[in-house]
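Participant: The lines below spell out each chain.
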Amino acid sequence: MGRLRILVGSRKGLFALEADRGRRKWSMSGPHFLGQVVNHAVLDPRDGRTALAAVRAGHLGPTVYRSEDGGRSWKESAKPPAFDKAASSEKGMSVSHVFWLTPGPASEPRRWYAGTSPQGLFVSDDAGRTWRGVAGFNAHPQRLAWIGGLQDAPPDGATLHSIQLDPANPRHLYIGMSAGGAFESFDDGATWSPLNRGCAADFLPDPDPEYGHDVHCLRVHPVSGDVYQQNHCGIYRLDRAASRWERIGRAMPRRIGDVGFPLVLHPRDPKSLWVFPMDGGTVWPRVPIDGKPAVYGSRDAGGSWRRLDQGLPRAQAWYTVKRQAMCGDGLDPLGLYFGTTGGEVWASFDEGERWHCLCLHLPHIYSVEAALAD
Amino acid sequence: MKVLLPTPLVEYTARRREVEAQGATLADLLADLDRRYPGIRFRIVDEQDEIRPHIKIFVNRAQEASLARPLAVRDEVLVVAALSGG
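These protein sequences, in sequence, are chains A and B.
Numbering follows my numbering, with no gaps: position 14 of the first sequence is 14.
Numbering follows my numbering, with no gaps: position 9 of the second sequence is 9.
These are calculated hints, taken from the structure and not from any lab test.
Where hints are given, some of them may not hold.
[As the list claims (entries may be wrong)] Here are the computed lysine to any residue pairs in the SDA-like style, where the Cα-Cα straight-line distance is at most 20 Å:
1) A:K12 with B:G85
2) A:K79 with B:K2
3) A:K12 with B:E50
4) A:K75 with B:T7
5) B:K2 with B:Q48
6) A:K91 with B:T7
7) A:K79 with B:R74
[What the hints assert, rightly or not] Here are a few chain A residues that sit away from chain B, every Cβ distance over 12 Å (derived from the structure):
8) V37
9) D69
10) A86
11) E90
12) P105
13) R143
14) F203
15) R255
16) D350
[As the list claims (entries may be wrong)] To give a feel for the contact side, a few chain B residues facing chain A, derived at Cβ under 10 Å:
17) P6
18) D49
19) A81
Ideal placement from N, C-alpha and C gives every residue a C-beta, glycine not left out.
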């Protein structure tokens with residue numbers, strides 16, 4: 001694996017940023033899919049060559065494109081994610097857009113997962129060429145109760161996202177839904193259980209509901225297997241010996257709060273993580289607090305947090321960082337990256353201490369994902 | 001018969017907006033289009049065989065909502081896709 005490659009999905013196409021492992025000199029290529037919505041694009045860390053992109057061309061329906069050269073050229077999936085055809089007496093579901101892509105475990109190098117809007121889970125065993133629904137979730141008799149109705153959906157549509165794998169057991173899957181909450185399956189998706197105890201859902205009357213939460217981003221640590229979550233109401237950690245989430249966002253400064261979208265884990269240190277807090281007051285502006293963007297990092301699994309804003313704008317910056325738009329690059333020291341709804345990509349090569357702007361003027365950014373290219 | 005396509009779909013047809021396809025109904029015609037240009041049908045019709053919300057299909061200039069609409073060899077089918085939003 002040679003060069004570092006960052007795929008940037010946006011409202012108007014896909015871009016790629018590339019650097020050597022020293023991360024000193026960057027180049028940009030693209031756009032691919034100009035004018036089309038790219039909700040997520042991921043380079044497979046297992047081979048450094050396969051990449052998938054979740055694309056929707058205006059009103060023309062959703063699809064997935066796949067690349068075998070790290071994202072330089074693309075071909076459409078032969079069978080994109082789609083719900084099963086309903087019986088003639090029933091109203092069937094239709095995928096509005098593919099929202100999330102996750103490479104499968106190392107033991108199944110051609111497996112990928114996809115999450116959609118409305119909430120659906122799909123799997124591919126041929127590196128994204130063809131997709132099938134995960135019936136254990138999509139046809140679950142409780143699915144409609146879990147996800148609620150239109151009033152529970154965010155303005156851009158309800159989504160299934162944050163598909164995560166237990167590093168010790170590839171049949172143990174996690175998903176997050178907005179809305180619906182966090183769920184897990186121990187049998188490769190055949191059966192599912194809610195995993196929300198201890199998480200607030202302050203838009204519901206029940207103080208500790210079983211499901212119906214609004215997960216923004218859920219991550220499983222690749223070493224410890226512990227689970228972290230940024231949701232609509234706060235930042236949480238679930239130690240896998242436990243079954244109840246702990247609100248680690250309570251340790252954030254009160255003036256900043258613990259609302260946000262993305263959450264990034266250190267790939268080697270299970271106690272290090274980063275978030276990008278947003279203003280969650282009144283009508284939910286979802287912008288940096290006071291227009292002063294900052295990443296907050298924790299080195300003790302959320303017990304305490306430190307503001308990391310050196311190099312970021314000091315004032316009058318009013319963008320949002322979406323849930324797929326912040327990532328790490330796996331290198332040492334860990335590089336961190338985030339993309340903004342204002343079309344900027346920012347990077348830190350020292351685990352958040354200093355930030356540098358890699359590029360300006362891109363369209364509204366939906367996703368930023370880094371991997372080493374073959 | 002002649003099928004006229006909107007610009008967002010020409011990536012499937014080597015950039016041709018006018019193509020030929022056959023079928024006794026609109027459903028058959030879309031299936032034949034997909035055989036000739038794989039992937040194009042799913043951009044027009046969803047998995048429940050519903051025409052997507054911002055797509056319109058006209059047969060001889062009359063809008064059709066049903067894929068069961070019978071077709072004759074000399075009919076002309078026009079697919080229109082909305083282009084909207086900022």
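Participant: Mind checking the alpha carbons of K79 (chain A) and R74 (chain B) for me, to see if they're no more than 20 Å apart?
Facilitator: Violated, at roughly 32 Å.
Participant: Holds or violated: is the Cβ of E90 (chain A) farther than 12 Å from all Cβ atoms of chain B?
Facilitator: Violated: least Cβ distance 9 Å, not greater than 12 Å.
Participant: Is the Cα-Cα distance between K79 (chain A) and K2 (chain B) 20 Å or less?
Facilitator: violated (26 Å)
Participant: Against the 20 Å threshold, does the CA-CA distance of K91 (chain A) and T7 (chain B) hold or violate the hint?
Facilitator: violated (31 Å)
Participant: Check the hint pairing K75 (chain A) with T7 (chain B) against an upper bound of 20 Å on the C-alpha distance.
Facilitator: holds (19 Å)
Participant: Is the shortest C-beta separation between D49 (chain B) and chain A less than 10 Å?
Facilitator: Hint on D49 (chain B): holds, closest Cβ of chain A at ~7 Å, below 10 Å.
Participant: Does the claim that P105 (chain A) lies off the interface hold, with its Cβ farther than 12 Å from every Cβ of chain B?
Facilitator: It holds; P105 (chain A) is separated from chain B by about 28 Å at its closest Cβ, greater than 12 Å.
Participant: Minimum Cβ separation between A86 (chain A) and chain B greater than 12 Å?
Facilitator: violated (6 Å)
Participant: Would you check whether P6 (chain B) satisfies its interface hint, that is, whether its CB is within less than 10 Å of any CB in chain A?
Facilitator: holds (9 Å)
Participant: Does the claim that R143 (chain A) lies outside the interface with chain B hold up, using a Cβ gap greater than 12 Å?
Facilitator: holds (16 Å)
Participant: Is the hinted pair K12 (chain A) and E50 (chain B) satisfied, with a Cα-Cα distance of at most 20 Å?
Facilitator: The given pair, whose Cα atoms are some 26 Å apart, is violated under the 20 Å limit.
Participant: K2 (chain B) and Q48 (chain B) were given as a pair; does the straight-line alpha-carbon distance stay at or below 20 Å?
Facilitator: violated (25 Å)
When the structure is compared with the earlier hints, violations turn up for hints 2, 3, 5, 6, 7, 8, 10 and 11 and for no others.
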